[in-house]
Amino acid sequence: MNLQPHIRRAWLALIKYALNPLTRRLARSSIGPFSLIRHVGRRSGKTYETPLIVAPIHGGFMIELTYGPDVDWHKNVVAAGGCTVIRRRQAYLIDRIEPVDTATGLAAFPASQRFVLRLLRRTHFEKLLLRQQP
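Numbering (my numbering), first residue to last: 1 to 134.
There may be inaccurate statements among the hints.
[Unchecked claim] Using C-beta positions, here's what the derived DEER-type ranges look like:
no., residue 1, residue 2, range
1, Ser44, Phe115, 16 to 26 angstroms
2, Arg88, Thr47, 31 to 41 angstroms
3, Gly32, Leu119, 13 to 23 angstroms
4, Arg43, Ala107, 18 to 28 angstroms
5, Pro56, His6, 14 to 24 angstroms
6, Thr102, Gly45, 28 to 38 angstroms
The set of hints was computed from the structure by calculation and includes no laboratory data.
Given the structure is predicted, the values throughout are model-derived calculations rather than measurements.
Every residue, glycine too, gets a C-beta built ideally from N, C-alpha and C.
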């Protein structure tokens, strides 16, 4: 999303305070495509939950970074070296994050979501990899 910095900040604030509470509620109820990314604030130490659409893959999940990597939740996950994905009321511990190319990222999503992602020209994808048992 290529917006002027002040417009981008306003847009992200709208998403954070208006849309995210609704999608968080849907994710907790397992209705719809949303999952939660539970992460810890890198400055505050507070636990946050951010709704996101994830695609299950072997060993973890594929995510699409709609607003790129320069958003608070993503910075928190990178700083902490992981997060918890809550999908369909099940918690999954993530301890590795790997960027992937656009083609690989798109391929992980179902055809209907892939169509929308292509239409919106999304290019930022990452793998969230499950913590391995010791």
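Results for each hint:
Between serine 44 and phenylalanine 115, the C-beta spacing of about 38 angstroms breaks the proposed range 16 to 26 angstroms. Range check, arginine 88 to threonine 47: Cβ separation about 20 angstroms, and the 31 to 41 angstroms hint is violated. Range check, glycine 32 to leucine 119: about 19 angstroms between beta-carbon atoms, so the 13 to 23 angstroms window is met. Between arginine 43 and alanine 107 the CB atoms are about 36 angstroms apart, so this pair departs from the stated range of 18 to 28 angstroms.
The beta-carbon spacing between proline 56 and histidine 6, approximately 37 angstroms, falls outside the hinted interval of 14 to 24 angstroms. Checked against the hint of 28 to 38 angstroms, the pair threonine 102 and glycine 45 passes, with Cβ atoms roughly 34 angstroms apart.
In terms of the numbered hints stated before, the structure departs from hints 1, 2, 4, 5, listed from lowest to highest.
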